[in-house]
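Note that the protein sequences, when read in sequence, are chains A and B.
For the first sequence, this note's numbering gives the first residue as 1, with consecutive numbering after it.
For the second sequence, this note's numbering gives the first residue as 1, with consecutive numbering after it.
One or more of the hints may lead you astray.
[To be verified] To give an idea of the chain B side of the interface with chain A (calculated C-beta under 8 Å), a few residues: (1) 52; (2) 54; (3) 231; (4) 240; (5) 243; (6) 247; (7) 257; (8) 298.
[To be verified] Calculated lysine to aspartate or glutamate pairs in the EDC-like style (CA-CA distance at most 20 Å, straight line): (9) 51/B with 17/A; (10) 168/B with 17/A; (11) 260/B with 230/B; (12) 160/B with 22/B; (13) 51/B with 62/B; (14) 96/B with 318/B.
Just so you know, these hints were derived from the structure itself, not from any lab.
The structure presented is a predicted model; accordingly, all values stated were derived computationally and were not measured.
Every residue gets a Cβ at the ideal spot worked out from N, C-alpha and C, and that includes glycine.
Okay, here's what each chain looks like letter by letter:
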Amino acid sequence: MTGHAHSVERVLSPPIDLNGTGRYVHWGVVQLSVANLVVIGVMLVVFVAALLLPFPRGRGRR
Amino acid sequence: MTRRAGKRAVPDPAAFPTRPYDLVKEFTIALVVVALLTAGLAAVFSSPDVKPVTLASWSRADGADFTATAVSELGGTSGTAQYGPPYNHTPGAAQKLGPVGLQSAAGVRVPVDTANDFVLRPLRNAPEPPAVSAGLAAWTAAPAARRQAWTSAYSDALAKAGGGAPAKGDYGPVPVLIARLLGLARSGALDGELQAEGKFYQTDYTRPLLFLSDGSYLESRARAEHLGGDQWGMMNETGNYPGQAWLWLYTFWYQIEPFKSSGNADALIWGLMALLSLGLMLVPFIPGVRSVPRWTRVHRLIWRTYYREQAVERNSQE
């Protein structure tokens, strides 16, 4: 029973486990988690991409 | 409305060409993409999984901290006992924004008497050993000053003992009552007692959470996860998960003076953020600030094809 529960847990466990000790960067008064930094970076990339990527042109449009 | 001379007339919006646009299609695509992203990211990264801190886990992990906190709840000297509204009427405890007492304005809406709610009532509701019954009777019969002297002396003795057994002294029934409360907490009964609402689903964690927050155990656990108020904790999450990055400005003010050391920090920062939010809402009416988009010309980058075609047309006409 316990072995079966363990195998189910192993199958359902996520490939990347973010639980554990968090990593933080300190810069003067600023303390920022690496995870938040990654999200902020992704948001900036999406923002710049939204500015620079061309609009999709549908059929029948110029 | 008349326009000042020298400014170009605003073109009639109806004169621009139009094109069909399928809003439902865009909504559906966005919904599917976000749903797939949510399911995919949840499958890959799962979610924060920190075991909850309860009165039971706290009392088992750090009995000395639980005991010292319980004595302060009984003596009315804990953070909750002296918090002011919405829990009690502690004079001068409420935060103010200038002359406006924001915290007092709503009144005491969740009345909490820490001695009765956190210590005496749970003891009375649980089966009472004879020593506890006698202790409760002695506590009830004693005048307020006597009770204060007992809890104060026991609190000092616990602090001096540094987690060990306190020296002998005149503590009245306090040690018996607190020892029984510790036993109830360790058994898990105190969590249920403080959460009991008389309903089928008991979802109000206010009282157990207030009791927990009066001790140092919960705070030390939170600080270890960078969740403290002076650690930008408002925008953090446990482990390596991203948190509420959009609260960066709100939590930023708590890191700097004069808010950092102010007893009115919550009220002051709330007022400041309300003012800044109002400024954001009124951007179209603030001279200078409302012209920033025109100066930065980001719109020309987004609609660069249109402006390029316009330039070509203008050149061909010349």
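Status of the hints after comparison with the structure:
The beta carbon of residue 52/B is not positioned within 8 Å of any beta carbon in chain A (closest approach about 14 Å), and the interface hint is therefore violated. Nearest Cβ of chain A to the Cβ of residue 54/B: about 19 Å, over the 8 Å cut. The hint is violated. At its closest, the beta carbon of residue 231/B sits 6 Å from a beta carbon of chain A; the interface hint therefore holds under the 8 Å criterion. About 4 Å separates the beta-carbon of residue 240/B from the nearest beta-carbon of chain A, less than 8 Å, and the hint is met.
Using the Cβ-Cβ criterion of 8 Å, the hint placing residue 243/B at the interface with chain A is satisfied: the shortest such distance is roughly 6 Å. Of the supplied interface hints, the one on residue 247/B is violated, with its beta-carbon coming no nearer than about 10 Å to a beta-carbon of chain A, more than 8 Å. Interface restraint check for residue 257/B: the shortest CB-CB distance to chain A comes to about 10 Å, outside 8 Å, so the restraint is violated. This hint holds: residue 298/B has a C-beta 7 Å from the nearest C-beta of chain A, less than the 8 Å allowed.
The hinted pair formed by residue 51/B and residue 17/A meets the criterion: a straight-line CA distance of about 15 Å does not exceed 20 Å. For a cut-off of 20 Å, the pair hint linking residue 168/B to residue 17/A is broken: about 51 Å separates their Cα positions. Between residue 260/B and residue 230/B the CA atoms are separated by roughly 8 Å; this keeps the pair inside 20 Å, and the hint holds. Restraint check: the Cα-Cα separation between residue 160/B and residue 22/B comes to about 73 Å, which exceeds 20 Å; the hinted pair is violated.
Restraint check for residue 51/B and residue 62/B: satisfied, since their Cα atoms lie roughly 16 Å apart, inside the 20 Å limit. Proximity of residue 96/B to residue 318/B is assessed by CA-CA distance (about 66 Å); at most 20 Å being required, the pair is judged violated.
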